[in-house]
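Trainee: Using the hints provided, position chain R relative to the given structure of chain A.
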Amino acid sequence: MTEATRLRSRHMVNNVMLGLTGLFTIIIAGALLFILGYLFINGARNLDFAFFTQLPKPTGETGGGMANAIVGSAKILGMATAIGVPIGFLGGVYLAEYGNKSFAFAVRYLTDLLNGVPSIVIGIFAFTLVVLKAKHFSAFAGGMALGLMMIPISVRSTEEFLRAVPNGLREGALALGTPKWRALATVVIPAAKDGIITGIMLNLARVAGETAPLLFTSLNNRFWSPGINQPTSTLPVMIYTYALSPYDDWHRQAWAAGFVLLMLILTINVSARMILSRSRYSGGR
Amino acid sequence: MSIPMEAHERTPETRVPRASPPMNDPAARATQIADATPAPNVAPAPAALFAAGVGEKMRATDLNFFYGKAQALYNISIRIPTNHVTAFIGPSGCGKSTFLRTLNRMCDTVKGTRVEGDVQLDGEDVFGLDVTSVRRRVGMVFQRSNPFPKSIFDNVAYGLRVNGGLSRAEVAERVERSLVRSALWDEVKHKLHESAYGLSGGQQQRLCIARALAVDPEVLLLDEPCSALDPISTSKIEELLLTLADSCTIVIVTHNMQQAARVSDYTGFFLMGKLVEFDKTEQIFQAPSRKETEDYVTGRFG
Numbered sequence: 000m001t002e003a004t005r006l007r008s009r010h011m012v013n014n015v016m017l018g019l020t021g022l023f024t025i026i027i028a029g030a031l032l033f034i035l036g037y038l039f040i041n042g043a044r045n046l047d048f049a050f051f052t053q054l055p056k057p058t059g060e061t062g063g064g065m066a067n068a069i070v071g072s073a074k075i076l077g078m079a080t081a082i083g084v085p086i087g088f089l090g091g092v093y094l095a096e097y098g099n100k101s102f103a104f105a106v107r108y109l110t111d112l113l114n115g116v117p118s119i120v121i122g123i124f125a126f127t128l129v130v131l132k133a134k135h136f137s138a139f140a141g142g143m144a145l146g147l148m149m150i151p152i153s154v155r156s157t158e159e160f161l162r163a164v165p166n167g168l169r170e171g172a173l174a175l176g177t178p179k180w181r182a183l184a185t186v187v188i189p190a191a192k193d194g195i196i197t198g199i200m201l202n203l204a205r206v207a208g209e210t211a212p213l214l215f216t217s218l219n220n221r222f223w224s225p226g227i228n229q230p231t232s233t234l235p236v237m238i239y240t241y242a243l244s245p246y247d248d249w250h251r252q253a254w255a256a257g258f259v260l261l262m263l264i265l266t267i268n269v270s271a272r273m274i275l276s277r278s279r280y281s282g283g284r
Numbered sequence: 000m001s002i003p004m005e006a007h008e009r010t011p012e013t014r015v016p017r018a019s020p021p022m023n024d025p026a027a028r029a030t031q032i033a034d035a036t037p038a039p040n041v042a043p044a045p046a047a048l049f050a051a052g053v054g055e056k057m058r059a060t061d062l063n064f065f066y067g068k069a070q071a072l073y074n075i076s077i078r079i080p081t082n083h084v085t086a087f088i089g090p091s092g093c094g095k096s097t098f099l100r101t102l103n104r105m106c107d108t109v110k111g112t113r114v115e116g117d118v119q120l121d122g123e124d125v126f127g128l129d130v131t132s133v134r135r136r137v138g139m140v141f142q143r144s145n146p147f148p149k150s151i152f153d154n155v156a157y158g159l160r161v162n163g164g165l166s167r168a169e170v171a172e173r174v175e176r177s178l179v180r181s182a183l184w185d186e187v188k189h190k191l192h193e194s195a196y197g198l199s200g201g202q203q204q205r206l207c208i209a210r211a212l213a214v215d216p217e218v219l220l221l222d223e224p225c226s227a228l229d230p231i232s233t234s235k236i237e238e239l240l241l242t243l244a245d246s247c248t249i250v251i252v253t254h255n256m257q258q259a260a261r262v263s264d265y266t267g268f269f270l271m272g273k274l275v276e277f278d279k280t281e282q283i284f285q286a287p288s289r290k291e292t293e294d295y296v297t298g299r300f301g
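As they're listed, the protein sequences go chains A and R. All letters in the first sequence, in the order written, are residues 0 to 284 by numbering that gives the first Met the number 0. All letters in the second sequence, in the order written, are residues 0 to 301 by numbering that gives the first Met the number 0.
Worth double-checking, as some hints may not be accurate.
Pairs of lysine-lysine, BS3-like flavour, derived with a Cα cap of 30 Å [unchecked claim]:
#1 A:Lys56 to A:Lys134
#2 R:Lys68 to A:Lys100
#3 A:Lys179 to R:Lys110
Derived by calculation from the structure, the hints in this document are not laboratory data.
One chain only, chain A, in its complex shape (with noise of 0.2 Å):
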């Protein structure tokens, strides 16, 4: 082989290859936008105002809205970021601060490892400890479910956000005489807030969406469930259960909640990108 055509089709293997990263990254970028629009176009087609303040009307009967699952969802996520963020949060700073180094080798391996665990083997377990026990299904059991899920990327986020912050804040703080805690509470975690709080929000917005562990914990529920020791309706469980079923107009209300449900993570997330985009250390005051 000449050294002109050596050339000619090393320049083709390149042109190729090229190609095909090309061709791959518009498939995957074509689906997720094949999604949001399928989910866009259903959605908000079938999405009315009835939809955020009606609850679900008797199986037979058309309209309704599922006003009690937007509520059921917002308090079990409340209730999982009241239980996964603290532990979490405390957790990661002691990883990132004080831990000596194989513990903290240890803890961070398993909270790898429980952020592999399947969803609804997380389920399962919130099930066996508080659906059993107390002999019926309850928001409380779908919030732990969820806070447990929380847990690691809680643990993760916070110790690497605040790895982040440069050594010299500390040093600085704990050269005018102030205690580690404090240095801690005042300038090093102050410095990493804007992260640790993006993280929290990722966090939530990832467990926003989960069906698994709810089906066996909060259940599902046509009516409002005040309190948080009744079966309680949300909306990735609904959509799973109005999708199933045999009537059309249930459908339609299953992609109005998935459009839903979609809009409020994509809000998450983006108001989470914008937090952490507004400068690391900079605007604080």
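Mentor: Then chain R, alone, in the frame of chain A:
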């Protein structure tokens, strides 16, 4: 250790001639340093080195420091004069910054380190005192300016608020006084509540000095405070150090020998973890008693 001890026992007036004959072989010099036998564990002699009326603020006696198994400081014995500027010079990695960090126990923050020997602040054992009170009395300014992500005012007020016990008016008054002392007040008085990150590098470093001064430290340690600054900012900080020395004991580590010559009253030369020589600054730069010091200050190495 014999070398610095020897320096302590001399008065500037009765200088002994150069201690060691000039040696041109660097390997032989290194061996000589390495082989220097530790002196018996006695406290440094009374203030013969210092001029009359100059007290002793801090003192290290036979200080050894280890990072894990690696020894970074060997038998450092030195006395730091009250309300004067003391400079430490020496090539990179010679231990001068490590030694500085033992004076306010910032060395504690690095895991796996160990200290042997004694550091005293006004005759009290620094390692026996509560670490936060040591650091309140011995402030520190770092190589890279490290203002907190807070307003200029809150940066300077930080140490005051940690200590507590001051009214808002008192805090405001101390903040102003510290900014005036660090020669920053005129540049920032109209924007005290803006982020400290809006300041230039030199201003940020003076802000860090103001922050350290706000708690009225007895000693101020500066670890190469000008190494990242332009000449104008550097000269501002040097002027500042000269005025601060009226009311505060200053210890500065610097790579820049001209800086040591300009700002300090006393200079210590570190080499390979040892304090080779400690004397009045003009003595170190004009007639050092050790060959290594002379080689270093005349630019023959380092």
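Trainee: Compare the structure with each hint and give your call.
Mentor: Comparing the hints with the structure gives:
no. : hint                 : result
1   : A:Lys56 to A:Lys134  : 28 Å, holds
2   : R:Lys68 to A:Lys100  : 18 Å, holds
3   : A:Lys179 to R:Lys110 : 15 Å, holds
In summary, this structure violates none of the numbered hints.
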